[in-house]
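Q: Here the protein sequences line up with chains D, E and U, keeping their order.
Residue numbering for the first sequence follows our numbering, beginning at 1 and increasing consecutively.
Residue numbering for the second sequence follows our numbering, beginning at 1 and increasing consecutively.
Residue numbering for the third sequence follows our numbering, beginning at 1 and increasing consecutively.
Hints are all accurate, no fakes.
Distance ranges between label pairs, derived from CB positions:
#: 1; chain 1: D; residue 1: Asp278; chain 2: U; residue 2: Gln96; range: 49 to 59 angstroms
#: 2; chain 1: D; residue 1: Met342; chain 2: U; residue 2: Gly170; range: 31 to 41 angstroms
#: 3; chain 1: U; residue 1: Asn142; chain 2: D; residue 2: Val110; range: 36 to 46 angstroms
#: 4; chain 1: U; residue 1: Ile193; chain 2: D; residue 2: Val110; range: 46 to 56 angstroms
#: 5; chain 1: E; residue 1: Arg72; chain 2: U; residue 2: Val77; range: 53 to 63 angstroms
#: 6; chain 1: D; residue 1: Asp278; chain 2: U; residue 2: Gly148; range: 33 to 43 angstroms
Calculated directly from the structure, the hints in this document are not laboratory data.
Where is the CB? At the ideal position from N, CA and C, for every residue including glycine.
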Amino acid sequence: MAKVDNARSGGYAQGEKAWMAKNALDDLIQALRRRGYRTVLPRVSEGAIVYADAKNTDNLPIGVLDAQDGGTYRLSQTDEDTYFDYVVGPHSLKNYMFLPREPVLSGKRVDGKWHFSTPQDPPEPLAVIGVRSCDLHALAIQDKVFLQGEYVDAAYQARRAALFLVAVNCRRALATCFCHSMGTGPALDQGYDLALTELGGNEEEGGFVVAVGTDSGGDVLSEVPTREATKAEISKAQEQVRQLAQELEQRDCGPADAAPSASDLPRQRQLDTGGIRDLLLNNLEHTQWEDVAERCLACANCTLVCPTCFCSSVEEISDLTGEEVRRERVWSSCFTAEHSYMNSGVVRQNTKARYRQWLVHKLATWIDQFDVSGCVGCGRCITWCPVGIDLTEEVAAIRGDQS
Amino acid sequence: MAAVRKKKLAVFKFASCDGCQLSLLDCEDELLQLAEAIEIAYFLEARSQQLPGPYDIGLVEGSITTPHDRARIQEVRQKCHRLVTIGACATSGGIQALRNWADHDEFLNYVYAKPGFIDSLATSTAISDHVRVDYELRGCPVNKHQLLQVVSAFARGLKPQLPTYSVCVDCKREGTVCVAVSQGVACLGPVTQAGCGGALCPTHHRECFGCFGPQEMPNPASLSARYKSQEVDSPRLVRLLRNFNSNAPAFRDEGNRLSG
Amino acid sequence: MTGSVMPPSQSPWNVHRASVTAIHDEAPGVRTYNVTLADKRLRNCYSFAPGQFNMLYVPGVGEAAISISSDPDKPQVLQHTVRAVGNVTNSLAQAQIGDELPFRGPYGAAWPVEDCQGKDLVIAAGGIGLAPLRPVIHYIINRRHAFGRVWVLYGSRTPSDLIYQDQFDGWRAHGIEVLTIVDRADDNWKGPIGVVPDLLRQVTVSQPATLFTCGPEIMMRFVILGALNMGWQEHQVFLSLERNMNCALGFCGHCQFGPEFICKSGPVFNYRRIEPYLRLEDL
Numbered sequence: 001m002a003k004v005d006n007a008r009s010g011g012y013a014q015g016e017k018a019w020m021a022k023n024a025l026d027d028l029i030q031a032l033r034r035r036g037y038r039t040v041l042p043r044v045s046e047g048a049i050v051y052a053d054a055k056n057t058d059n060l061p062i063g064v065l066d067a068q069d070g071g072t073y074r075l076s077q078t079d080e081d082t083y084f085d086y087v088v089g090p091h092s093l094k095n096y097m098f099l100p101r102e103p104v105l106s107g108k109r110v111d112g113k114w115h116f117s118t119p120q121d122p123p124e125p126l127a128v129i130g131v132r133s134c135d136l137h138a139l140a141i142q143d144k145v146f147l148q149g150e151y152v153d154a155a156y157q158a159r160r161a162a163l164f165l166v167a168v169n170c171r172r173a174l175a176t177c178f179c180h181s182m183g184t185g186p187a188l189d190q191g192y193d194l195a196l197t198e199l200g201g202n203e204e205e206g207g208f209v210v211a212v213g214t215d216s217g218g219d220v221l222s223e224v225p226t227r228e229a230t231k232a233e234i235s236k237a238q239e240q241v242r243q244l245a246q247e248l249e250q251r252d253c254g255p256a257d258a259a260p261s262a263s264d265l266p267r268q269r270q271l272d273t274g275g276i277r278d279l280l281l282n283n284l285e286h287t288q289w290e291d292v293a294e295r296c297l298a299c300a301n302c303t304l305v306c307p308t309c310f311c312s313s314v315e316e317i318s319d320l321t322g323e324e325v326r327r328e329r330v331w332s333s334c335f336t337a338e339h340s341y342m343n344s345g346v347v348r349q350n351t352k353a354r355y356r357q358w359l360v361h362k363l364a365t366w367i368d369q370f371d372v373s374g375c376v377g378c379g380r381c382i383t384w385c386p387v388g389i390d391l392t393e394e395v396a397a398i399r400g401d402q403s
Numbered sequence: 001m002a003a004v005r006k007k008k009l010a011v012f013k014f015a016s017c018d019g020c021q022l023s024l025l026d027c028e029d030e031l032l033q034l035a036e037a038i039e040i041a042y043f044l045e046a047r048s049q050q051l052p053g054p055y056d057i058g059l060v061e062g063s064i065t066t067p068h069d070r071a072r073i074q075e076v077r078q079k080c081h082r083l084v085t086i087g088a089c090a091t092s093g094g095i096q097a098l099r100n101w102a103d104h105d106e107f108l109n110y111v112y113a114k115p116g117f118i119d120s121l122a123t124s125t126a127i128s129d130h131v132r133v134d135y136e137l138r139g140c141p142v143n144k145h146q147l148l149q150v151v152s153a154f155a156r157g158l159k160p161q162l163p164t165y166s167v168c169v170d171c172k173r174e175g176t177v178c179v180a181v182s183q184g185v186a187c188l189g190p191v192t193q194a195g196c197g198g199a200l201c202p203t204h205h206r207e208c209f210g211c212f213g214p215q216e217m218p219n220p221a222s223l224s225a226r227y228k229s230q231e232v233d234s235p236r237l238v239r240l241l242r243n244f245n246s247n248a249p250a251f252r253d254e255g256n257r258l259s260g
Numbered sequence: 001m002t003g004s005v006m007p008p009s010q011s012p013w014n015v016h017r018a019s020v021t022a023i024h025d026e027a028p029g030v031r032t033y034n035v036t037l038a039d040k041r042l043r044n045c046y047s048f049a050p051g052q053f054n055m056l057y058v059p060g061v062g063e064a065a066i067s068i069s070s071d072p073d074k075p076q077v078l079q080h081t082v083r084a085v086g087n088v089t090n091s092l093a094q095a096q097i098g099d100e101l102p103f104r105g106p107y108g109a110a111w112p113v114e115d116c117q118g119k120d121l122v123i124a125a126g127g128i129g130l131a132p133l134r135p136v137i138h139y140i141i142n143r144r145h146a147f148g149r150v151w152v153l154y155g156s157r158t159p160s161d162l163i164y165q166d167q168f169d170g171w172r173a174h175g176i177e178v179l180t181i182v183d184r185a186d187d188n189w190k191g192p193i194g195v196v197p198d199l200l201r202q203v204t205v206s207q208p209a210t211l212f213t214c215g216p217e218i219m220m221r222f223v224i225l226g227a228l229n230m231g232w233q234e235h236q237v238f239l240s241l242e243r244n245m246n247c248a249l250g251f252c253g254h255c256q257f258g259p260e261f262i263c264k265s266g267p268v269f270n271y272r273r274i275e276p277y278l279r280l281e282d283l
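Throw the hints in and build the complete structure from the sequences for me.
A: Structure (structure tokens):
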């Protein structure tokens with residue numbers, strides 16, 4: 001049975017805050033695993049911080065920092081005892097909820113009659129540790145697509161119901177971050193079971209202020225060595241989050257086209273969202289679309305790393321006899337010809353039309369469809385574009401020269 | 001749907017390494033099913049029996065490098081209702097299209113004691129430069145699953161539906177970290193067509209070499225401008241582009257542009 | 001009126017088992033398939049509205065979004081008129097009576113037939129675009145007294161491409177004016193030569209009337225332009241649009257057209273709603 005020597009008896013209620021020592025994070029993982037959760041944690045792999053299955057905290061990227069700019073992502077190792085000071089990697093919750101490939105129907109012909117079935121296996125409960133505010137907002141946006149429309153994606157719904165989220169308040173913002181512009185961060189405000197705010201580093205005893213977001217979060221936390229957080233700890237955590245928010249907001253005060261000539265530091269992103277829907281829909285024939293099409297590779301990376309992009313295609317897979325078939329939904333992208341293919345031809349025949357579809361959908365028509373922007377300001381599309389195309393710059397160019 | 005006459009399949013070889021047609025024999029598990037679904041009428045590497053044409057489906061491996069082959073491909077075309085090129089050689093000219101940038105006569109004199117016996121063309125060209133092609137299957141070598149899909153589709157009278165988008169799509173579906181962005185490695189993935197099977201090289205932490213040729217809407221000029229700004233020099237980029245698909249138009253033109 | 005048979009708890013990807021019970025040749029490359037659900041209970045509760053579509057499934061080949069072209073008051077037998085152009089529809093063309101043809105649906109927004117009652121209605125269709133409008137014609141005939149004057153303006157490339165020709169006289173017998181036109185005549189053609197918008201001039205309606213149109217986008221654009229020039233208002237015009245409908249559930253993103261998902265808020269739209277987006281060809 002659980003070793004809960006120091007655990008507070010009676011458990012935590014929603015809204016309460018606990019203090020958890022850094023080494024107790026592993027106890028949290030073990031508490032989740034005892035409850036049957038598959039646990040996914042950040043780790044360094046292939047030069048980036050990705051999510052991966054982990055049974056303990058051994059491979060946490062302790063002291064690892066990320067630097068990101070258009071088309072580049074680099075890690076550096078510090079000797080700081082910080083667990084979560086990297087910001088966002090190429091993966092997001094999308095990789096686990098809206099699966100890159102997933103069967104939706106299978107069929108078998110027996111004695112000349114077709115028998116069809118849809119996947120029925122209940123999903124394995126999943127706990128993801130280390131998610132950020134932008135990612136929680138992105139998840140809420142995908143929930144609107146798959147759960148809140150006329151049809152419900154039953155498989156997504158089942159995975160979603162079995163998801164446990166341990167979120168982390170960011171302590172750093174990258175040059176590519178602009179959650180503050182999109183109203184999605186940096187402070188955690190919704191969608192988590194437990195929210196960690198990391199305090200301290202090498203100089204002082206490090207730990208986490210843990211905010212309880214749900215009852216199941218409180219239940220799990222009750223099995224972990226913790227104590228109630230002190231007022232001082234709570235206010236220090238709040239102050240830390242507030243400072244980062246302020247730092248981001250100050251980006252907006254600088255001149256829009258501040259020349260970075262004085263240093264090689266990357267441009268600090270922000271996005272002016274004022275009237276953005278009409279701005280883009282009124283400029284569908286702006287010359288900027290041709291300009292960006294010169295640079296755009298139509299490789300689809302931006303759409304695939306985007307934590308809200310939801311486009312998919314169904315592939316029909318058949319054995320050679322045609323007696324056994326399978327339909328699989330895979331991630332797709334509006335940058336492919338297949339996406340707008342009709343028997344009469346491909347509707348969006350060039351990169352200009354495809355980039356425009358992506359950006360206008362993301363920042364404008366998404367609002368018509370889901371009452372929310374499709375962008376959470378995580379900056380992944382900027383970082384993982386091989387040629388560093390930056391949507392904030394494209395919008396600024398259109399805004400600067402609008403019709 | 002109603003059973004129909006088994007379609008006749010033929011496999012023809014031109015200048016190539018045989019690797020693509022071997023992919024067909026490599027389909028161990030599916031080979032028996034395949035033999036049930038179609039009649040393998042002409043396939044020298046697999047079967048000594050040679051049934052005469054016409055054939056419903058002709059798979060053509062290899063590029064055109066000799067006057068003899070240049071004539072033979074016309075006969076092959078006439079014998080095949082559907083003609084499908086398999087692999088980079090047949091589809092774009094293959095690795096041997098590197099000769100298109102070299103002095104052919106100098107090669108002959110250097111390699112052969114009596115070059116007068118050699119009757120070859122100065123270029124290696126794609127099958128589609130010579131005859132009408134119904135479908136082109138990419139890859140060096142082809143992906144056997146794609147090959148089966150194409151044969152199966154034609155056997156059933158369907159149009160094959162293989163991806164034409166970039167390798168990046170497969171990388172992201174696999175959760176593979178982009179080597180170009182995270183390591184600054186010059187990778188051809190963004191301009192290369194997917195299909196090798198889950199972005200093989202990047203999944204093994206290597207850059208994509210473009211084995212499947214240009215994707216449906218390639219922009220190699222933008223990609224090479226980016227790599228040049230990251231201090232990858234033009235000769236290195238030209239070598240990357242002039243590989244298995246050096247003669248594929250998008251790669252060929254960019255290679256020529258970079259080498260000025 | 002919007003049909004539905006899918007309880008939300010089930011996987012929306014599930015298909016209903018069904019089979020082809022009759023096949024009728026309409027025009028070169030165009031056939032109508034009668035499809036009957038295998039499950040009797042389902043057959044009795046299935047309903048659809050004029051303009052809605054099903055996703056027909058040929059196992060091993062794929063799905064295709066095909067509008068329902070039969071009588072909405074008799075949903076026990078569903079008709080789909082299909083032109084063989086892609087893999088799925090070409091495979092369908094090989095179908096024989098008795099073959100299984102599973103499907104899911106119905107999906108999409110319908111023609112606002114109830115709102116048109118008591119008024120004149122003009123139906124303008126091109127080619128196979130008459131198929132999603134035929135349920136409207138059935139609906140009207142089943143309650144003819146509830147509608148004012150009704151015109152069907154129908155054109156195709158050649159006389160043999162006109163679908164449902166054998167039914168035109170039946171429609172006329174119910175007081176529906178059927179006017180046809182072709183791009184290219186043959187020796188037997190006695191009607192006018194031209195395009196569907198040309199037929200508009202022969203129509204006199206009591207406003208406010210309603211215009212439903214379906215066909216190639218270019219045809220619809222000129223029909224609508226003609227109507228607007230004759231004094232129709234944008235809100236009186238409805239059209240049915242086509243895009244790549246991959247899932248029909250609003251999940252896959254393929255059928256987006258400006259802010260719309262054609263599978264969800266369409267395929268039938270009020271013209272005023274989508275007019276700003278119709279102007280760009282590659283949107």
